[in-house]
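Engineer: Given next are the chains, with one letter for each unit.
2 protein chains.
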Amino acid sequence: MNPKNNHVVIMAGGIGSRFWPMSSPKLPKQFIDALGCGRTLIQLTVDRFKEICPLENIWIVTLADYAEYVKEQLPDFPQEHVLLEPCRRSTAPCIAYACWKIKAKNPRANVVVTPCDHIVMDVPEFQRVVNSALSFTEKSDAIVTLGMKATRPETGYGYIEADLSMACPSNTEIYRVYAFKEKPNKATAERYLRRKNYFWNAGIFVWNVSTIVNALRVYQPALGSLFERMLPYFYTDKEQEMVNELFPLCENISVDYAIMENVDEIYVLPASFGWSDLGTWGSLYENLQKDPQGNVCVGPNIKMYESRNCVVHTTQERKVVVQGLDGYIVAEKDDTLLVCRMEEEQRIKEFSAE
Amino acid sequence: MNPKNNHVVIMAGGIGSRFWPMSSPKLPKQFIDALGCGRTLIQLTVDRFKEICPLENIWIVTLADYAEYVKEQLPDFPQEHVLLEPCRRSTAPCIAYACWKIKAKNPRANVVVTPCDHIVMDVPEFQRVVNSALSFTEKSDAIVTLGMKATRPETGYGYIEADLSMACPSNTEIYRVYAFKEKPNKATAERYLRRKNYFWNAGIFVWNVSTIVNALRVYQPALGSLFERMLPYFYTDKEQEMVNELFPLCENISVDYAIMENVDEIYVLPASFGWSDLGTWGSLYENLQKDPQGNVCVGPNIKMYESRNCVVHTTQERKVVVQGLDGYIVAEKDDTLLVCRMEEEQRIKEFSAE
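First to last, the protein sequences are chains A and B.
Residues in the first sequence are numbered consecutively from 18, following my numbering.
Residues in the second sequence are numbered consecutively from 18, following my numbering.
Do not rely on the hints blindly, as some may be mistaken.
For identical chains, the list gives no copy identity; a pair is met inside one copy or between any two copies.
As the list claims (entries may be wrong) - Straight-line C-alpha distance at most 25 angstroms; calculated DSS-like pairs for lysine-lysine: (1) Lys-213 x Lys-307; (2) Lys-320 x Lys-366; (3) Lys-43 x Lys-88; (4) Lys-307 x Lys-156; (5) Lys-320 x Lys-43; (6) Lys-203 x Lys-21; (7) Lys-350 x Lys-320; (8) Lys-336 x Lys-213; (9) Lys-336 x Lys-350; (10) Lys-307 x Lys-21; (11) Lys-336 x Lys-320.
Derived from the structure by calculation, the hints contain no laboratory data.
Generate coordinates for the entire structure from the input sequences, incorporating the hints supplied.
Structural biologist: Right, dumping it as structure tokens:
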């Protein structure tokens, strides 16, 4: 495999509304040091992919509003590889933009598309898995998804149902996908967990650039023709102007609906690398180290008294004292404070509304 | 009664440690808009006394560190009436400083001494009561304390035990004091409440300036002689210098120990004007209007969900969402956040320690 053909497209336009108040449309979670480790999620994402391909093959697609955050947090990142969406249009237009642009320079490019607000605990295993998928798509027009081995009946993720009866001859850790499943209810999630051939959909896709461009042309012809119109302007002074004009005309559609539900030849690589989509406070709680009372505290000066099973998160320099809470989220950021039972976290969107 | 002889001494040097984090030694509660009414407690205190005497007869004694707050919050207040203590020495030296100084200019002065971190709901009644006490001490060398009619078995206040068998002939709402009582335990407080002749000690004293200066000379001769040494420098350029030199030599002693426990002829005026010493979060909670769920919210944008009997206090412009709490204090200020059961509020000093 020639790593010079490997490209990574980092989708960094999400708004992270379930992580309020840490995350907000003004400063979404990918630009925050959510883990309290000194690196923001987008920095951690770029770090992970530096071993997969050279930095100049990494692309970040984000909302124009967030361009400054990218510049600030990734000062060494080639700014011409930061693609700016003038408005939100979900994942299919985002991927199309990057892939049309990559293909214009390198039709043999082999591409990983990834969100950047996820966490990965076992980075070497992650890199091994991604390289395995890339070496597969280098020689095939397949779409490979990464399927996370389920460890609990999670209702917050979509699932990938795989046919485990026969691995691919060319890569024995890759299997055909039967179907993509929406977020299940609890009973269904429990059934999925027992079945062993259901994997969490991590939203990480691997394919060569011809495969994805062709699939978009076939299944989303309107979208495809918009990017054909933009293509002559890519890498010119007029690129942003044309994107600003035509990108808003794209349908607001996710890659799952645009492609995955239409294409037959989709594969999954089941893997375990300590993944979490970090979608909610609960998932942050699950993924961070707990003190003996089961509390997760992220912040410089947090004191807990008679408290258990809480997640306390402060991104500013603050002193926090929490007494007598069990199972709560206590989160503050800038001018906003949330105190809420963890089991009510699905209502955070409601709470955060003005 | 000649209101020109009426003077008010406002003691504004307290640190309000039980009100952390709203109040801290850096910015104690008297300088905070604790009630969320747009006026700080010291502003409210000055407002209350403007009807008692002219502004130029009001004196504020505070720690030098707090001089700027007084200036900022009371821009029209005569700055030469702000007396600056170079260090904390409790209430007796504070009162001595003001009274020696007042007496130097007006030996017939009639003085109210008051804390400024208390709240008073019925201001006209408060003013009536203070005037009644002043008219009494104008013609007598008595010390009059204001006794608050107890409405609950409060363990957070000291009590005044009165002899209600006979009112003073010259003022029938004033009675002799039998004894001052320390903060009682619950059982004792309940007994006091049943007894009817026990009143909360509001820490507001009324006397003429000769009475207090004489009492200090007799019962606290060391203190008296220090102020005799300072006296020639009062109202001169050297006043602050001398105070800075000699005030630190004063014994750290409260007026209760210095005088009240020694003097026989002490009187109490039992009154009801919606007083609270606002010493704790619980007392703030008791004194403010509650929503139908029993929550007290002070702050511009506080939303409560499934929460009852809480006090939520923010002094900055903040958005706060509280869900699923019953009987908690949620207080934030600057870089500090406290979430704590209200019944644990006596531990706030412990929580606030570095």
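Engineer: None of the hints should be skipped; say for each whether it holds.
Structural biologist: Results for each hint:
no., hint, result
1, Lys-213 x Lys-307, "neither (28 angstroms within a copy, 54 angstroms between copies)"
2, Lys-320 x Lys-366, "between (28 angstroms within a copy, 14 angstroms between copies)"
3, Lys-43 x Lys-88, "within (16 angstroms within a copy, 38 angstroms between copies)"
4, Lys-307 x Lys-156, "neither (44 angstroms within a copy, 70 angstroms between copies)"
5, Lys-320 x Lys-43, "between (29 angstroms within a copy, 21 angstroms between copies)"
6, Lys-203 x Lys-21, "neither (44 angstroms within a copy, 78 angstroms between copies)"
7, Lys-350 x Lys-320, "both (17 angstroms within a copy, 16 angstroms between copies)"
8, Lys-336 x Lys-213, "neither (45 angstroms within a copy, 45 angstroms between copies)"
9, Lys-336 x Lys-350, "both (13 angstroms within a copy, 10 angstroms between copies)"
10, Lys-307 x Lys-21, "neither (41 angstroms within a copy, 66 angstroms between copies)"
11, Lys-336 x Lys-320, "both (8 angstroms within a copy, 23 angstroms between copies)"
In this structure, the earlier hints numbered 1, 4, 6, 8, 10 are contradicted, and the remaining ones agree with it.
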